[in-house]
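S.K.: So the sequence lines, in the order shown, correspond to chains A and B. Everything in the first sequence is counted per the working numbering, starting at 1 for the first residue and increasing by one. Everything in the second sequence is counted per the working numbering, starting at 1 for the first residue and increasing by one.
No lab work stands behind these hints, which were simulated from the structure alone. Be careful, since some hints might not be right.
[Unchecked claim] Chain A side only, calculated, beta carbon under 7 Å to chain B, not exhaustive:
# : residue
1 : Phe99
2 : Gly102
3 : Lys136
4 : His138
5 : Leu169
[Stated by the list, open to error] Residues of chain B placed beyond 12 Å of chain A at every Cβ, according to the derived structure:
#  : residue
6  : Arg85
7  : Arg91
8  : Thr117
9  : Ala129
10 : Leu135
11 : Leu143
12 : Ala188
13 : Ile202
14 : Gly205
15 : Ser206
16 : Leu212
17 : Ala257
18 : Ala282
19 : Tyr290
[To be verified] Covered stretches of chain A (chain B as the covering partner; in silico rule of three or more C-beta atoms under 8 Å from a C-beta of chain B):
#  : region
20 : 85-93
21 : 114-124
22 : 146-160
Source: prediction; values computed, not measured. Don't be surprised by glycine CBs; every beta carbon is placed ideally from N, CA and C.
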Amino acid sequence: MIDYWPLLGIALVVAGFALRFNPLLVVAVAAIVTGLLGRMPFLKVLATLGHGFNENRYVSLIYIILPVIGLLERYGLQQRARTIVANMRGATTGRLLIFYLGFRQILSALGLTSVAGHAQTVRPLVAPMALAAAEKQHGELDEATANHVKSMSAATDNVGVFFGEDIFLAVASILLIQSSLASFGINLTPFELSVWAIPSAVCAFIIHSTRLLHLDRKMGRGR
Amino acid sequence: MINLHWVYALGGLVFASFAVGSARDGANRKRWGNALFWALLSLSFWFGDLIGDLANGVLVLLIVAVAGTGLLGRGSGESTQINEREQLSDRYGNMLFVPALVIPVTAFVGTLLFTYTPLKAFGIIDPKAVTLVLLGVGVILSLIICYGWFGPPPLTAVDEGSRLANSIGWAIVLPQMLASLGVIFAAAGLGGMIGAMVGSIIPHGSIVMAVLLYALGMVIFTIIMGNAFAAFPVMAAAVGVPILIHSDGGNAAVVGAVGMLAGFCGTLLTPMAANFNIVPAALLELDSQYSVIRAQVATAIPLLVANILILYFAGFHR
């Protein structure tokens with residue numbers, strides 16, 4: 001019989017997020033409670049937490065980009081991105097984001113996932129361009145619409161990278177699938193696996209592009 | 001050889017600069033809280049490998065204590081006015097994109113050079129750290145270009161960097177905290193428990209039901225853990241291999257690849273994948289931290305259906 005008590009840690013996370021406590025606090029409490037329920041002594045839990053935090057520092061490294069982005073914004077980068085769009089004929093929010101989606105999927109499929117991202121491209125370039133295209137077509141945007149356009153810019157980046165990267169042979173998730181299946185004596189090459197990421201990538205492009213075109217139409221109807 | 005330690009040293013330096021910039025921000029009433037937060041993070045980056053697991057754990061608790069008890073302020077708003085920025089933008093024109101594009105181009109060219117040419121054999125960069133080293137190189141190059149060209153006051157990058165960092169705030173360390181939570185979840189044996197629960201409700205003989213259970217199991221476990229990587233080995237062991245591949249004769253490549261992608265649909269839906277879903281909401285100054293997830297629901301659900309159909313029809317052609 002397995003002891004299911006540590007699952008309470010998951011419930012704590014869900015409840016904490018739902019009640020809008022500070023997420024860092026929620027995660028720290030959930031980590032300690034889960035560890036204790038898993039019959040680890042407190043100091044062991046603390047050491048495991050510290051070890052996990054230290055080993056995962058690379059996750060936070062992307063923010064070394066902020067001084068550059070801040071500096072460029074001070075010199076008018078976002079305004080420049082808007083000007084470019086304003087002078088572009090036929091540019092709509094949907095078309096721009098569809099172009100970015102395809103671009104992001106193709107780059108990711110070539111193993112170039114870190115070329116773009118929320119800090120590198122979405123905040124300084126993609127979101128201001130998408131907003132500028134919307135304003136050019138539909139005039140000044142209300143708060144909710146501007147918020148939605150920015151959210152869709154971030155969403156487009158995520159969909160692009162998630163449903164592009166697995167086409168690349170040497171990406172971590174393909175290697176993980178390969179090694180997990182190999183432990184059951186099922187031996188596949190990365191190529192056999194990554195080929196099967198293509199149909200999903202095509203579906204992702206079609207589904208998300210349809211939504212982006214719909215966004216253009218919806219904003220057009222709004223006035 | 002340039003390895004991850006070099007990049008962590010640079011990261012520590014940048015976080016220390018956020019501490020300095022926060023302390024300089026007179027408009028923020030809670031500036032010392034912000035400065036302390038970034039200083040603690042820079043300590044972690046500089047000395048994390050030297051102080052041992054337990055001290056790192058204490059450091060984590062301190063960081064959480066500062067961020068979780070309202071000691072962080074928002075920081076001052078824009079440093080220059082919109083019209084001033086427009087003038088600068090007109091003056092520098094499209095050349096403004098050059099320093100911005102230096103970072104992705106460095107990543108692009110560097111990845112190609114170190115993956116596809118003999119350069120990788122020279123051992124200049126640790127192969128495990130190539131992406132992050134290139135990010136660091138790109139940032140340094142870009143800063144040199146900016147300073148050489150705009151000639152801003154010396155501490156401008158420090159002030160502007162900390163302005164952005166403080167507008168994101170505690171969300172910056174959330175992904176790293178969630179990764180540590182994942183480590184605790186694994187140490188407490190959560191994967192085995194979920195695998196056992198899913199395994200106990202397996203419907204034998206129905207391929208449709210088994211495919212649904214496998215795909216939805218991937219999605220739900222991914223939503224809980226924040227990434228599909230933790231979910232895959234568990235779901236493969238509980239359902240994928242014994243049921244779909246062995247007893248139902250499914251195509252192993254399809255079950256593996258598309259199962260993982262079904263999990264990615266879950267990643268689009270969960271705040272636990274903070275670096276994809278929560279951080280951008282802060283970075284783009286959205287009105288709710290869940291705005292990005294809301295924008296993704298209508299893509300994730302049809303895409304999950306598509307993946308289930310691919311899994312069923314390509315995996316089990318009879």
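S.K.: For every hint, state whether the structure bears it out.
M.R.: Consistency of the hints with the structure:
Taken as an interface hint, Phe99 (chain A) does not check out: its beta carbon lies about 16 Å from the nearest beta carbon of chain B, beyond 7 Å. A least Cβ separation of about 15 Å between Gly102 (chain A) and chain B goes past the 7 Å threshold, and the interface hint is therefore violated. A cut of 7 Å between beta carbons decides the hint on Lys136 (chain A): the least distance to chain B is about 16 Å, and the hint is violated. The closest approach between the C-beta of His138 (chain A) and any C-beta of chain B is roughly 18 Å, which is over the 7 Å cut-off, so the hint fails.
Contact between Leu169 (chain A) and chain B, as hinted, is not supported at the beta carbon level, the nearest pair being about 11 Å apart and thus beyond 7 Å. Arg85 (chain B), annotated as away from the interface, has a beta carbon of chain A within 12 Å; the closest lies near 4 Å. For Arg91 (chain B), the shortest C-beta to C-beta distance to chain A comes to about 8 Å, within the 12 Å cut-off, and the non-interface label is violated. In this structure Thr117 (chain B) is separated from chain A by more than 12 Å, as the shortest Cβ-Cβ distance comes to about 14 Å.
At roughly 8 Å, the least C-beta separation between Ala129 (chain B) and chain A is not larger than 12 Å, which violates its mark as non-interface. Listed as outside the interface, Leu135 (chain B) is inconsistent with that label: its C-beta sits roughly 7 Å from the nearest C-beta of chain A, within the 12 Å cut-off. Its beta-carbon lying about 6 Å from the closest one in chain A, Leu143 (chain B) breaks the requirement of being farther than 12 Å from that chain. At roughly 3 Å from the closest C-beta of chain A, the C-beta of Ala188 (chain B) falls inside 12 Å, breaking its exclusion from the interface.
For Ile202 (chain B), the shortest C-beta to C-beta distance to chain A comes to about 16 Å, beyond the 12 Å cut-off, and the non-interface label holds. With a least beta-carbon separation of about 21 Å from chain A, Gly205 (chain B) lies farther than 12 Å from that chain, consistent with its non-interface assignment. Even its closest Cβ contact with chain A, about 22 Å, leaves Ser206 (chain B) beyond 12 Å, as expected for a residue assigned away from the interface. Even its closest Cβ contact with chain A, about 17 Å, leaves Leu212 (chain B) beyond 12 Å, as expected for a residue assigned away from the interface.
Under the 12 Å C-beta cut-off, the non-interface status given to Ala257 (chain B) relative to chain A is violated; the minimum distance is some 4 Å. With 12 Å as the threshold on Cβ separation, the claim that Ala282 (chain B) sits away from chain A is violated: the shortest Cβ distance comes to roughly 10 Å. With a minimum CB-CB distance of about 9 Å to chain A, Tyr290 (chain B) fails to clear the 12 Å threshold, and the non-interface call is violated. With 0 residues bearing a CB less than 8 Å from a CB of chain B, the region 85-93 of chain A misses the requirement of three and the coverage assertion fails.
Counting residues of the region 114-124 of chain A whose beta carbon lies closer than 8 Å to any beta carbon of chain B gives 10, which meets the minimum of three for the stated coverage. Counting residues of the region 146-160 of chain A whose beta carbon lies closer than 8 Å to any beta carbon of chain B gives 11, which meets the minimum of three for the stated coverage.
The structure does not agree with the numbered hints 1, 2, 3, 4, 5, 6, 7, 9, 10, 11, 12, 17, 18, 19 and 20 stated previously, though it agrees with the rest.
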